[in-house]
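Colleague: Sequence:
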Amino acid sequence: MLLLTTLLALAPPPAPTAAATEREAPTDPVAVDLPTVDAGLPPDYEPPFAAETLQLSDVLQRALQTNIDLRSNAIDVGISEANVMTALGAYDVFLSAALNGTVAKTPQRGSQITFATGNRSLGLTLGFQRKLEIGGTVSLRIDINRSQQDQKTGNFLAANAATTTLSTYRITPTLTLTQPLLKGAGLKVNRADINKAKLAVNAAQATQILTAQNLVRDLISAYWDVLFAHRDLQNKRNSVALATRQLERTKALVAAGRTSPVDAKAVEQALAARESDVLTAENTLLDRSLTLRTLMGESFDGSGTFGVLPATDPLVKARTVNLSDEIDRALKQNPQVRQLEIQIASGRIDELVAANQRLPQLDFSGSFTPQGRSTDTSATAQTGDPGREGSWGEAFQNFFNKKRVIQDENRLLADWTLQGSLTLTWDVQNRTAKGRHQAAKLQIKKAQVNLERAKQTVATGVIRAANGLRTAGKVMEVAQISVDLAKDNLAAEQARYDVGRSTNYDVLLRLDELDKAQASALSAQVTYLKALAQLQALAGEILPAYGLDTP
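Using this note's numbering, you'd call the opening residue of the sequence shown number 25 and step up by one each time.
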């Protein structure tokens with residue numbers, strides 16, 4: 025187009041003709057019916073490729089559901105939540121149970137002293153164990169056992185001595201506690217894995233939000249690119265329509281003998297150039313549409329729909345930006361900054377654990393085992409005692425002391441065992457623990473440096489986006505004035521041409537000015553919308569601004 029206008033500018037003006045002299049006379053032109061040319065796209069316009077009309081909201085919703093990166097991030101969040109459950113599983117209650125039995129026969133041989141010639145037992149063991157959040161372990165084990173022993177009642181040396189069977193019922197609960205007192209002790213140290221797993225969930229969610237925000241920002245930018253390509257195509261088709269109308273006017277004047285046929289050829293060349301621009305604009309629209317559909321995660325296999333016709337008409341209105349407030353908001357809500365803050369928090373947990381590992385190992389272990397027993401009593405002929413059989417009920421009763429049975433005891437429990445131990449292990453040089461602690465502290469410092477760099481990057485991005493908004497807003501105002509002025513100039517130039525006071529070159533030049541002004545105005549609008557999306561993404565506001573949520 026610029027080449028054509030340059031050629032027209034350099035071409036020598038045609039020699040004055042009688043027709044030109046007549047055109048300057050204030051006589052009425054020959055009446056010619058000119059076709060009415062619609063300068064806009066028809067309502068049923070369709071590009072030369074299959075296209076789908078899409079609202080911006082439809083594009084965003086579909087992309088959030090089909091984007092591969094977002095689906096991967098959602099899986100990462102689920103994995104992190106499963107890891108929290110895994111860490112909590114360290115404090116699950118474990119149940120153990122066992123059933124056992126024995127049968128033995130040991131008859132007397134020779135002159136061996138034999139007290140029992142056989143025994144039988146059946147027992148049940150039930151246990152519960154749980155790790156404590158302060159580092160120790162508590163367990164409760166209950167042993168229930170019934171045993172029978174074939175015991176001699178007479179001479180232990182006599183092989184044919186009489187035997188009797190004594191049954192014993194035993195209930196033995198054992199409560200055991202182990203607890204580290206230095207290394208490995210403490211609630212924060214032992215819940216470190218749980219707290220880190222929860223932070224990992226927050227980090228995965230921040231990654232998901234960051235991916236979603238960047239995707240939405242890129243989708244919005246790509247959608248506005250499609251809108252720009254679509255409206256640029258519309259402007260170029262309008263330019264073709266205006267050039268067509270100018271050609272019809274010129275042909276009418278040529279037919280009336282008021283201008284040279286060379287003028288019509290010049291307009292035809294300009295019209296051909298504009299039609300070529302339309303073809304280029306259609307290809308650009310297809311390219312921008314494919315870029316948008318790719319970001320949406322769509323596959324083109326078996327699909328004949330490639331283009332996108334944007335149906336959202338943005339309300340572009342420049343807004344006032346408070347730079348200080350925007351920076352503060354971005355530093356508080358930006359997911360990338362949030363990720364690094366989570367990393368520092370996780371590093372502090374590692375540092376706490378590493379510091380605890382430098383302490384000596386001092387462990388306490390204790391157990392308490394009360395017991396309830398009941399044993400058969402044999403009959404005694406001398407005293408006339410008929411004897412009695414033991415029972416489970418008596419075994420439960422015998423947990424507690426009965427003064428009538430044990431006169432010299434004044435304790436509550438009759439039969440019990442208490443054990444305890446204290447174990448010390450000390451790494452004198454302790455170089456491994458010291459090195460890990462020092463490395464953990466350095467990792468925190470490194471994360472703090474990365475956080476400072478990220479904040480600097482975010483603040484810089486906010487400043488640039490805000491300045492882009494301000495600049496684009498001013499350009500929009502100036503560009504709109506330029507468009508209005510170019511339209512007025514074109515109308516005035518066409519009016520002058522109609523009365524013979526202008527040339528085709530002047531009219532085509534005004535058409536070029538209008539094309540440039542419209543392209544500049546549209547570019548300023550798209551630049552403003554992109555800068556706004558970038559600012560919203562940096563401030564962490566782009567998802568709620570468009571009513572979106574992560575899948």
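Calculated directly from the structure, the hints in this document are not laboratory data. You may find that some hints are simply not true.
Label-pair ranges, simulated between beta-carbon atoms [said to hold, decoys possible]:
no., residue 1, residue 2, range
1, Leu156, Met109, 18 to 24 Å
2, Pro338, Arg488, 19 to 25 Å
3, Glu565, Gln480, 16 to 22 Å
4, Leu150, Gly113, 18 to 24 Å
5, Thr90, Gln293, 43 to 49 Å
DMTMM-like mimics (lysine to aspartate or glutamate), calculated; alpha carbons at most 25 Å apart, straight line [as the list claims (entries may be wrong)]:
no., residue 1, residue 2
6, Lys129, Asp116
7, Lys498, Asp337
8, Lys222, Glu375
9, Lys479, Glu418
10, Lys129, Glu375
11, Lys511, Glu375
Note that the Cβ used here is the ideal one computed from N, Cα and C, for glycine as well.
Colleague: Taking the hints in turn, state whether each one holds.
Modeller: Consistency of the hints with the structure:
Taking the beta carbon of each, leucine 156 and methionine 109 are about 19 Å apart, inside 18 to 24 Å as hinted. Between proline 338 and arginine 488 the C-beta distance comes to about 21 Å, which sits within the given range of 19 to 25 Å. At about 20 Å, the CB distance of glutamate 565 to glutamine 480 agrees with the hint of 16 to 22 Å. Between leucine 150 and glycine 113 the CB atoms are about 22 Å apart, so this pair conforms to the stated range of 18 to 24 Å.
Distance hint check for threonine 90 and glutamine 293: the Cβ-Cβ separation is about 47 Å, which falls inside the suggested range of 43 to 49 Å. Restraint check: the Cα-Cα separation between lysine 129 and aspartate 116 comes to about 43 Å, which exceeds 25 Å; the hinted pair is violated. Proposed proximity of lysine 498 and aspartate 337 is supported: the alpha carbons are some 20 Å apart, at most 25 Å. The suggested pairing of lysine 222 with glutamate 375 holds, with an alpha-carbon distance near 17 Å, which does not exceed 25 Å.
With a C-alpha separation of about 75 Å, the suggested pair lysine 479 and glutamate 418 falls outside the 25 Å cut-off, and the hint is violated. Between lysine 129 and glutamate 375 the CA atoms are separated by roughly 62 Å; this puts the pair beyond 25 Å, and the hint is violated. Among the hinted pairs, lysine 511 with glutamate 375 is inconsistent with the structure: their alpha-carbon atoms are about 70 Å apart, more than 25 Å.
Hint compliance for this structure: hints 6, 9, 10 and 11 are not met, and every other hint is.
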